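Chemist: Listed below are the residues making up each chain.
There are 2 protein chains.
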Amino acid sequence: MELMAEVLKITAGGKRIAILSEETASQIGVHSSDRMRITHGSQTVIAIANIAAHFPTNRIGLYEEISAALGLRGDETVQVELAQLPESLSHVRAKVRGERLRGQDIVTIVKDVVERHLSEVEIAAFLTALNVYGLNMGEAEAMSRAMAETGKTLNFGEAPILDKHSIGGLPGDKTSLLVVPIIAAAGFTIPKTSSRAVTSPAGTADRVETLCPVNLSIAEIKEVVGKTNGCLVWGGALELAPADDLFIQIEYPLGIDPLLLPSIMSKKKVIGATHIVIDIPTGTGAKIRNLTEAHTLASDFVDLGKRLGITVQCALTFGDQPLGCAVGPALEAQEALITLMGDGPADLREKAVILAGMLFEMAGAEDGRQRAENMLQSGRAERKLREIIEAQGGDPNVKPEDIAVGTQKAEVTADQAGRVMWISTEGIVRVAREAGAPKEKGAGILFKAKLGEAVKKGGVLFEVYAERSSKLESALELAQRLQPVVLSKKAEERMLLDQVPEKVTREKPFMLER
Amino acid sequence: MELMAEVLKITAGGKRIAILSEETASQIGVHSSDRMRITHGSQTVIAIANIAAHFPTNRIGLYEEISAALGLRGDETVQVELAQLPESLSHVRAKVRGERLRGQDIVTIVKDVVERHLSEVEIAAFLTALNVYGLNMGEAEAMSRAMAETGKTLNFGEAPILDKHSIGGLPGDKTSLLVVPIIAAAGFTIPKTSSRAVTSPAGTADRVETLCPVNLSIAEIKEVVGKTNGCLVWGGALELAPADDLFIQIEYPLGIDPLLLPSIMSKKKVIGATHIVIDIPTGTGAKIRNLTEAHTLASDFVDLGKRLGITVQCALTFGDQPLGCAVGPALEAQEALITLMGDGPADLREKAVILAGMLFEMAGAEDGRQRAENMLQSGRAERKLREIIEAQGGDPNVKPEDIAVGTQKAEVTADQAGRVMWISTEGIVRVAREAGAPKEKGAGILFKAKLGEAVKKGGVLFEVYAERSSKLESALELAQRLQPVVLSKKAEERMLLDQVPEKVTREKPFMLER
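Chains as they are written, first to last, in my numbering: chain A, 2 to 515; chain B, 2 to 515.
Hints were generated in silico from the structure; no laboratory data involved. Please read these numbers as outputs of a predicted model, since none were measured by experiment. We treat Cβ as the ideally placed atom computed from N, Cα and C, and that holds for glycine. A portion of the hints provided could be inaccurate.
To be verified - Pairwise CB distance ranges (calculated):
1. Gly15(A) - Glu65(B): 18 to 26 Å
2. Ser43(A) - Thr78(B): 39 to 47 Å
3. Pro57(B) - Ser475(A): 27 to 35 Å
4. Leu83(B) - Glu77(A): 39 to 47 Å
Could you build all of it, start to finish, from the sequences and the hints given here?
Modeler: In structure tokens form, the structure reads like this:
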């Protein structure tokens, strides 16, 4: 059917959508979400029908994505007809029914996600079904490969290529800022791509950005790694696994993360990693709640690695309190630098040495832990971080006090004496975000007492940093309400966790960090 | 944050969506799918963020739904801030995790669906989770009530109010066109609302529309029922259960139908039905494949009815071949009229008498079947249909031959003699739709031989009707390929159903008819 195209001067966010009135849709025989084949001259585009009650009849509204693909200049006529359902949709439907997908089915789905042939509704159903049924190892492998193959790849030459990854969920976890220079200082290649915070107060990319630019092109990354053996860059804009970027946009509002394994492993595959240590922080307030869960996930990572030709070891680490004392991009970068310079909190130093030591041994070295210690103590790791900062365009001579933290600052004190018996990581995340993190990089929390430490009445539990006084105030109010640090004397006050039905059921916090 | 509103002169199909650039979104701290509170003067609207790569910064694009609600005239400034997640979303997430929902949770979800506070992605996840986990009876009741309470209701006065409903999936099922006048002729109230075809060749509304208008307002329906005791109208535009209309739009592309029971029962609740007979066509080509499945569904309908204060009886009916001989809106209306006039296929007549008889007995009459027979034989049912046609604005003196069927017509013949041993209802649906049904009302199929009947070599199996010769041709080609009517001699030719992996796996046909 011939329709007048109405070129809408706006994008649909990449989606291939066209708008019809109810009447026109019924004439063509399309229902909402049906596919249409739109032809103009020699160009044809498949678009998903969006039916609007009050759109003019005999017209078709085309967002920029489609009008550009058709080469439309103004309002010209186009041919519109009902198109067949894509094959991938039948695989999506099969997964919704609980069927096992073959590798080729998954490739078809991932390709159609990247090429925008599946609608958000269809992707949401697919991800929900995956979340309910889980993926078997064959599906996880196919998904990892398909996500890797539909994106760009990076080649850093000779093996081994090492990498370190945390599944996330632990505030204050700035370990990558130590592990990367330790490994690179020993002459191994470790091209670390990382993410920005979504639901946390800081991602590795947010932390590093207070030291140097992280938004590098693929060519620039190669140059940095060529010079220094390592890098600490943001992976988000590199289109390394574009399908995953689209999946995350749907997973985020739903609070689900069914593709944790393939998402991480596909991104390791595209940078050519041969040996990876995966950190699984485990604790009541972490993403993984107990060791049983952690062991299952860990052996899945190892198995999936084998299928993909990558050697994986997992570290199940203590996740019952934030790592180190600093939470928030700038505060954490400061703490990482201090630790590399020989000072800093013992738990952070220990974790970095353990993870780096595991990587050294995976790459064939003996006594990896000692080697990691040596890199730290000799100052070689610090010098390596400064090399990387310089190569990425930052100041190699940066001092900890040069890193700008929030000028608005207040202390949260103990209203009675006691030992710290519990720290709510969830509460800390909320307070740090209320203070402005991760957007306002100077915002965050600095602990003055951690688990087991004694605090006097009026003693400082933690400091809150913010860039604006209004944010500081609301963060302090929230801290007052949540009481994220609990002293031993207060144990008897927390016997009642919640009341039903008087209290509103609390949503389990959702952590989406890659 | 203050942003310049860009009023987009287009609707988002009812969705409450606003568009931001990546940079502006990051400044406000919203991610795609987050909610924003948009304020202009004294008006506040909650909108879902859609982040577009190339949208201008410091602006917010507002579709007509939102700019109208805010009373914006042109490009004015608005206040935009991150809003909390709606409570309903936490219930959606709970269902995705497999938790049981309380009645109040379901009410909250349904309200937010109707008020467009949940996005399509979130509704898709909810429906997918419901499809996987199923609803227990408490959830089905809450869902039925919530869907009924968020829409308009109709009051037809004194009980009993009778109704008849088919769960669909059987081509040629025009039984409502007979049952409604039989019941109404006996003095009972039967206000029948029905649907148009979505995946079938004809819905009851499509059939009736060839006799008289079906798109009546609530006031008009009341007038028709007041005059004649019955009606045969389209329920789609009445907003009787607007949540269900929105659910169906999401279910359709996904090929799922998790709300079959509450969807049907909510619509019966809003018209005040007290006694309903529900037809469950059962057969290998029908929506319900076997009697086990049918019995489970039937007892669920009865139980749900009890909870809603509605007396329900189910009829499990033969669904292994189309009902009657006609498939397609006009052909079926013709056949229904002929049957009411005393002629017509025996299976259609029998089914109408059975279902009407059940309804009579449910309403307290003895020997319901005989009563239904009497209404047919005396001509009272025919006269009643003509009354209803007239009251709805059609010609009460319409003769079967006045109903316009397709002028393009061809026969499909047997290439050898035999008895009809199998009719693929799925194949018939596809051929009838290829011929143009339901959009082209004169298109369809007329059987000349049904199960068990003998056909000579070259004898006619069925006729295909179309309004356009191109449609007729492609329908005939499809019929040739699908061979939807199988003669006994051919049994040995159909031993091999499919080949793996040579043949493409066939999608199980999806039927979404209410």
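Chemist: Verify the CB-CB distance for Gly15(A) and Glu65(B) against the hinted window 18 to 26 Å.
Modeler: Cβ of Gly15(A) to Cβ of Glu65(B): about 22 Å, so the range 18 to 26 Å holds.
Chemist: Has the hinted range 39 to 47 Å been met by the Cβ atoms of Ser43(A) and Thr78(B)?
Modeler: This hint holds: roughly 45 Å between Cβ atoms.
Chemist: Go ahead and decide if the range 27 to 35 Å is satisfied by the Cβ distance of Pro57(B) to Ser475(A).
Modeler: This hint holds: roughly 30 Å between Cβ atoms.
Chemist: Does the beta carbon distance between Leu83(B) and Glu77(A) stay inside 39 to 47 Å, or does it fall outside?
Modeler: Hint holds: Cβ distance 41 Å, inside 39 to 47 Å.
In terms of the numbered hints stated before, the structure departs from none.
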